[in-house]
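**Q** Sequence:
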Amino acid sequence: MRESVEGRPLDEQELIARAQNGETRAFEQLVRSHQGIALRVAYLVVRSHAEAEDVTQEAFIKAYQAMDGFRPKAPFRPWLLRIVRNTALNRVRGAKRRESLVLRAGSDPVSGDAAPSPETAVLNEEQARRLVAVIDELPGRYRDAIMHRYLPDLSVEETSALLGISP
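For the sequence shown, my numbering gives the first residue as 3, with consecutive numbering after it.
By construction, these hints were calculated from the structure, which means they are not laboratory data. Just so you know, these numbers come straight off a predicted model, no measurement behind them. Just so you know, even glycine gets a beta-carbon here, dropped at the ideal spot from N, CA and C. Among the clues, some could well be false.
[What the hints assert, rightly or not] Across the chosen pairs, the derived CB separations fall in these ranges: (1) V136 x R27: 39 to 45 Å; (2) D70 x P120: 35 to 41 Å; (3) R73 x E30: 19 to 25 Å.
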């Protein structure tokens, strides 16, 4: 549960306001509540669990540094996920230029659930690999829309804000 001053939980707008005023604990709470989806969005771009974790951490640092520029009352999640996506895209672009990153479709899937049985894990990995292969064959804008709408389970509005397109 989120901390409160007067015995009531803080809502996201209060946490944002406090984070903008330099309260690191408020930003930490925002991070905790968005960490899972941020990691999934990063994973969709970089296709490596370890790389997605690095990208997510970097994106949270960028978001913290940019909190002064966040508009009050604007939706926080799409703003944050756009930072995550852009950070991940920059990481992949840089890696392609250096030819040091090998994208692996068979990496561990990102999940907050308990570990599945070995049989289920193998089946899930194979299904994920086939799904990613089919999605990868789509033209870029369609691929991005599908990957960011359905895989991290974003709303249409959040997906369009993340991709910078109209719904």
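**Q** Run every hint past the structure and note whether it holds.
**A** Comparing the hints with the structure gives:
1. V136 x R27: 39 to 45 Å: Holds - the Cβ-Cβ distance for V136 and R27, about 43 Å, lies within 39 to 45 Å.
2. D70 x P120: 35 to 41 Å: violated, 48 Å
3. R73 x E30: 19 to 25 Å: Given a distance of about 21 Å, which is inside 19 to 25 Å, the answer is holds.
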